[in-house]
Structure formats: structure tokens, C-alpha cells
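The sequence shown lines up with residues 1 to 489 when you count with our numbering.
For the record, the hints were derived by calculation from the structure and aren't laboratory data. A few of these clues could be false.
Stated by the list, open to error - Below are the SDA-like pairs computed for lysine to any residue, each with C-alpha atoms no more than 25 Å apart in a straight line: (1) Lys43 <-> Gln32; (2) Lys74 <-> Ser336; (3) Lys331 <-> Ile119; (4) Lys51 <-> Lys332; (5) Lys74 <-> Gly128; (6) Lys332 <-> Gly319; (7) Lys194 <-> Pro460; (8) Lys272 <-> Trp323; (9) Lys51 <-> Arg356; (10) Lys272 <-> Ala222; (11) Lys126 <-> Thr69; (12) Lys51 <-> Ala357; (13) Lys198 <-> Thr131; (14) Lys269 <-> Arg204; (15) Lys74 <-> Val270; (16) Lys198 <-> Tyr188; (17) Lys368 <-> Ala357; (18) Lys126 <-> Lys198; (19) Lys74 <-> Phe312; (20) Lys126 <-> Phe441; (21) Lys269 <-> Val316; (22) Lys43 <-> Thr355; (23) Lys272 <-> Gly319; (24) Lys198 <-> Gly86; (25) Lys194 <-> Val464; (26) Lys74 <-> His127; (27) Lys194 <-> Val467; (28) Lys51 <-> Ala304; (29) Lys269 <-> Ser208; (30) Lys331 <-> Thr69.
To be verified - Label-pair ranges, simulated between beta-carbon atoms: (31) Val467 <-> Val4: 38 to 44 Å; (32) Phe387 <-> Ile267: 53 to 59 Å; (33) Val335 <-> Leu39: 26 to 32 Å; (34) Leu463 <-> Ile226: 43 to 49 Å; (35) Pro434 <-> Tyr487: 36 to 42 Å; (36) Tyr293 <-> Ala383: 33 to 39 Å; (37) Val190 <-> Thr298: 39 to 45 Å.
From the three backbone atoms N, C-alpha and C, an ideal C-beta is built for every residue, glycine too.
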Amino acid sequence: MSIVMLITMVVCFALTISVAVSIGLSAIFGIQASNLNMLISVKEMFSAINKFPLAAIPFFILAGNVMETGGISKRLVDFAKSLVGGVQGGLPMTCVLTCMIFAAVSGSSVATTFAIGAILIPALIKHGYPTPWAASLQATSAELGVIIPPSIPMILYGVSAEVSIGELFIAGFGPGLLIGAALMLFVYVVCRRKGWGKNDGDGRLPLSTAFIDLAVIAAGVALLIIGNKLIGPALMGVNASEGQRDRYTDLFGVGLFAAYFVTLSLIPKVRKALHGRAAYALMMPVIILGGIYGGVFTPTEASAVAVVYALFVGVVIYGEISWRDLAPIFKKSVVSSSVIMFIIANAGLFAFLITRAGVPDAIGQYLKEVLQSPMLFLLGVNAALFFIGMFIETSAAIIVLAPILAPVAVYFGIDPVHFGIIMVVNLALGMITPPFGVNLFAACTVARISLDRIITQLVPFVLVILVCLMIITYVPQISLFLRDIVYAK
1 MSIVMLITMV VCFALTISVA VSIGLSAIFG IQASNLNMLI SVKEMFSAIN KFPLAAIPFF
61 ILAGNVMETG GISKRLVDFA KSLVGGVQGG LPMTCVLTCM IFAAVSGSSV ATTFAIGAIL
121 IPALIKHGYP TPWAASLQAT SAELGVIIPP SIPMILYGVS AEVSIGELFI AGFGPGLLIG
181 AALMLFVYVV CRRKGWGKND GDGRLPLSTA FIDLAVIAAG VALLIIGNKL IGPALMGVNA
241 SEGQRDRYTD LFGVGLFAAY FVTLSLIPKV RKALHGRAAY ALMMPVIILG GIYGGVFTPT
301 EASAVAVVYA LFVGVVIYGE ISWRDLAPIF KKSVVSSSVI MFIIANAGLF AFLITRAGVP
361 DAIGQYLKEV LQSPMLFLLG VNAALFFIGM FIETSAAIIV LAPILAPVAV YFGIDPVHFG
421 IIMVVNLALG MITPPFGVNL FAACTVARIS LDRIITQLVP FVLVILVCLM IITYVPQISL
481 FLRDIVYAK
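Can you build the whole structure from these sequences, using the hints too?
In C-alpha cells, the structure reads:
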């Protein structure tokens, strides 16, 4: 059966059939070869998508699409440019920083490419940067969309490997910041050597505007902490049980934060002053991640909160989304979510069949015998994932490979959360490498150039990410130090 499935998949790939359909067809031929009842395909495909954490995926996609349409992109670009746009090469650095911030809103690298690239690729070209280089920069920077939480691939890994999604989210911050800083340093050095970007600071907002936005966010966070740590416990008294204390003090903090946000929205002068700024957009990751790690809601519930907040900001606060705009936004989100769910369903059936055939156990035993140390195992896995990521869509690769590789990683003493970050970062490289890099196609579409023109300019960016990947792989505390603090491990 395994041979039949492998041959079918190779033939489908050779015929350029989509990954989801290729996996599904190989699974169907595998069922036929093993004389199983075809009804098992329906059962296993439904079981693959009938998991509560996966409900977060369509909500995060919808929230990202709403914020993309609702004017967040331009405001985030202005915010980032006011911070780093004043130096030589400030515009490419603005691109990286904006993608880092948008990643905390979207969870999708393709959405990040279109939302930020539509603004910054034309701006980079206008300032004299080569079009292929600008497209390469945008495609690479958008990779941060799946590394900095919330992240759809992290949700899939958490479900497939039975790892806490909350721990994966917070573990993504360190690698995301490392890659973002490395990219900004790289583009700064390139711009200095080539003499690019000497006038990048023209037209940027003063630095004080960014500090005002940050001050608005800091005040909200301070109220959240005060309500949680001071007012809540004082009102609860000493007689409350520990469970009641934790639950209601969280609500006091959230209540103060919500009151603060509503006040900003209702006072006309304040609302008008913040209308063109990024403060409301920057509040979204604070609400999502603060709510998750404050114990107010789960990652799945956070995704629904993100949608409500995005709609409120886009329709009521910024006023850039009309009720007529909502239908195309929902349609786009349904299509994107359906594609991912179709991949998950087919990959789930495929994973069931290869597990039934004993393939994961055989591969795991082989890896334990051949790669006899954690260092060799991680090196071999990185090489394999880099190659696989070039040809197989990230979601499908994670669903099929995570249940196989995660137990072997645990056998070698590797933290499954750390291993999940390695998988996500490595497979995210596939989004910017030919022949099937989705970020490349998105960036080329925005820049209106062919894929062949971007390849040579892309190589240095890929090398930067590879260096960061090696550091993340062999310095686990980059991923785990925040996780250990928050979860007291």
C-alpha cells in the first residue's frame, strides 16, 4: 500500500496536480490497494477537521482579511516608517518591521505579502530600489506572518503533535524577533554598500507620533495589569477560593481595558486624533495574546474575539469598511479557509493510512538507529524539511510529518515546542523557494514581474533565514525562554 501511495503522489506531482488533490488521490489508491472500505475515507477526513482548535483557522483568516481591507496596512507602514525610516535604507527596514507587526494580526504570510507589499513594493521601486530586490524583500519579510503568533501552521502542529498551542504561540516570539532583526541588519548593510535609500526618510511622520501610539497601548496594558493584580484581588477579599480569585481578577483587568478602549472610541477629539494612527491596530495583538496568556480565553476563542475587534475597528473606528464590503471579505475568507481545510482533510486521511501501515514507526526506528545524537537528528530533519518545503504545501507537510517526527524528537530529549518552532520556520522557507513558493508568486504578482527575475536576488535573503534557522535549532532558549517564564517551567 505504501508503495502505491508513493508512486501515485510522485506521478501527481509530475503532472503538476495540486498538493491537496495529490495527497487525496494517493490515499484513495492506497485504500484500494489494501482492500479497505471506501467509507473509511469519509470517516477519517471528517475526523481530521473535526477538532476544536482548528476552528481558530477560519477566524484568524477572516480577522486578517478584515484588517487588511480596513486600512490597517497603511497605518502600520506609517508607524514603522516613523520608527526606522530616518536611516539610510529605512524603507526596506520599514517593510520588515511592518511585516513583523502585521504578523501579530494576520497569521498568514500570503495575506501579509499582499497587504504590505501593495503599499511598500511600489514605494521601494519609486525610491530607486530594483524591482526584483524589492519583491524578494517583501516575500522574505512576509514569512514572519507564520512565525510570529498567531500562526496557522503552529495551530496545525499543535493539533497534529498534541502540543499546547498557547506555548507554541509564545515560543514564536523569540525566533520572529531574531529573523526580523537579522533581515533589518542585512538590508541596512546592503543599502550602505550600494548607496541605496539615502532619501528614504522623506515624508515620514515624526518619531513622536509612534511614541504616542505606543503610549496609548502602554496605558491600556497598565490598566489591564492594575485590574488583574491590584483592584481585582482587593475587591475579591481573602475569603475567595483560588479558582474564583484567578477567574474574577482576570475579568477585572479585561473590564478596565475594555472601558479604556470604549472611552477612546467615544470621545470625539480622542477618536479623531487617533483615526489616522496605528494605535487601534496595535491593540489587536495585545488583546489576542494578552487574553490568551492572561487566561481569559483559549487560542480558539481568541480568534473569534479578533474577528469582532477587527470588524469594530474597520467599520466603526476607521470607517474604511462599508457593509457592502463585507460580502467580498467573507467570500475571500471562506475560499481560503476551505482550501486549508481540504488540505487538512486529505492529509489526515493520508496520515491515517501510513500510520496503519506502520510507516511512522519504521521511519522513527530508522532515524533513531542512523542519527544517534540530537545534533545529527536536527541537522538531518532540517535538511529534509528544507527540501520537502520546496514541493509540498506547509499545512500538508506539518499534518503528515509532525506525528512522525515529534515523537522521535522527544526520544532525543528535544522539547516538542522547540521542535515545532523548528518545523514551522523551516517549512516557512518553502514559501520563498522555487518552484512552489506561494510568497514568491504573491510578491511577483504585486510587483508585476516574472518569477525568473526574482531568483538571483532571493538567494541572499534565503541564506539569512538559513543562518537564523541554525541558531534557532541549536540555541533552544531563543524559543523557550519566554515559554518557560510564562508557564513557569
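Comparing the hints with the structure gives:
With a CA separation close to 16 Å, the supplied pair Lys43 and Gln32 stays within the 25 Å bound. Of the pairs offered as hints, the one joining Lys74 and Ser336 holds, with about 23 Å between alpha carbons and a cut-off of 25 Å not exceeded. For the suggested pair Lys331 and Ile119, the alpha carbons sit about 23 Å apart, so the restraint of at most 25 Å is met. Note on Lys51 and Lys332: the hinted pairing holds, with a Cα-Cα distance of about 23 Å set against a maximum of 25 Å.
Note on Lys74 and Gly128: the hinted pairing holds, with a Cα-Cα distance of about 21 Å set against a maximum of 25 Å. Restraint check for Lys332 and Gly319: the C-alpha separation of about 20 Å stays at or below 25 Å, so the hint holds. For the hint linking Lys194 to Pro460, the alpha-carbon distance of about 15 Å falls within 25 Å, and the restraint holds. With a C-alpha separation of about 22 Å, the suggested pair Lys272 and Trp323 falls inside the 25 Å cut-off, and the hint holds.
At roughly 21 Å between alpha-carbon atoms, Lys51 and Arg356 fall within 25 Å of each other, so this suggested pair holds. Taken as a hint, the Lys272 and Ala222 pair is honoured in the structure, with Cα atoms around 23 Å apart against an allowance of 25 Å. The hinted pair formed by Lys126 and Thr69 meets the criterion: a straight-line CA distance of about 23 Å does not exceed 25 Å. For the proposed pair Lys51 and Ala357, the alpha carbon gap of about 24 Å is at most 25 Å, so the pair holds.
The straight-line distance between the Cα atoms of Lys198 and Thr131 is roughly 17 Å, inside the 25 Å bound, and the hint therefore holds. In summary, the hint linking Lys269 to Arg204 is supported, as the alpha carbons are separated by about 24 Å, within the 25 Å threshold. Proximity of Lys74 to Val270 is assessed by CA-CA distance (about 20 Å); at most 25 Å being required, the pair is judged to hold. Restraint check: the Cα-Cα separation between Lys198 and Tyr188 comes to about 11 Å, which is no more than 25 Å; the hinted pair holds.
For the suggested pair Lys368 and Ala357, the alpha carbons sit about 19 Å apart, so the restraint of at most 25 Å is met. For the hint linking Lys126 to Lys198, the alpha-carbon distance of about 13 Å falls within 25 Å, and the restraint holds. About 18 Å separates the Cα atoms of Lys74 and Phe312, which keeps this hinted pair within 25 Å; it holds. For the hint pairing Lys126 with Phe441, the CA-to-CA distance comes to about 21 Å; that is within 25 Å, so the pair holds.
Among the hinted pairs, Lys269 with Val316 is consistent with the structure: their alpha-carbon atoms are about 15 Å apart, no more than 25 Å. The suggested pairing of Lys43 with Thr355 holds, with an alpha-carbon distance near 16 Å, which does not exceed 25 Å. For the hint linking Lys272 to Gly319, the alpha-carbon distance of about 12 Å falls within 25 Å, and the restraint holds. For the suggested pair Lys198 and Gly86, the alpha carbons sit about 9 Å apart, so the restraint of at most 25 Å is met.
About 18 Å separates the Cα atoms of Lys194 and Val464, which keeps this hinted pair within 25 Å; it holds. Restraint check for Lys74 and His127: the C-alpha separation of about 17 Å stays at or below 25 Å, so the hint holds. For the suggested pair Lys194 and Val467, the alpha carbons sit about 23 Å apart, so the restraint of at most 25 Å is met. A hinted pair counts as satisfied when its Cα atoms are at most 25 Å apart, and Lys51 with Ala304 qualifies at roughly 16 Å.
Note on Lys269 and Ser208: the hinted pairing holds, with a Cα-Cα distance of about 19 Å set against a maximum of 25 Å. A distance of roughly 13 Å separates the Cα atoms of Lys331 and Thr69; the hinted pair therefore holds under the 25 Å criterion. Distance hint check for Val467 and Val4: the Cβ-Cβ separation is about 40 Å, which falls inside the suggested range of 38 to 44 Å. The hint said 53 to 59 Å for the Cβ distance between Phe387 and Ile267, and at roughly 56 Å that hint holds.
For Val335 and Leu39, the hinted distance range of 26 to 32 Å is satisfied, since their beta carbons lie about 28 Å from each other. At about 46 Å, the beta-carbon gap between Leu463 and Ile226 stays in the expected band of 43 to 49 Å. For Pro434 and Tyr487, the hinted distance range of 36 to 42 Å is satisfied, since their beta carbons lie about 39 Å from each other. Checked against the hint of 33 to 39 Å, the pair Tyr293 and Ala383 passes, with Cβ atoms roughly 34 Å apart.
Distance hint check: the CB atoms of Val190 and Thr298 are about 42 Å apart, consistent with the given range 39 to 45 Å.
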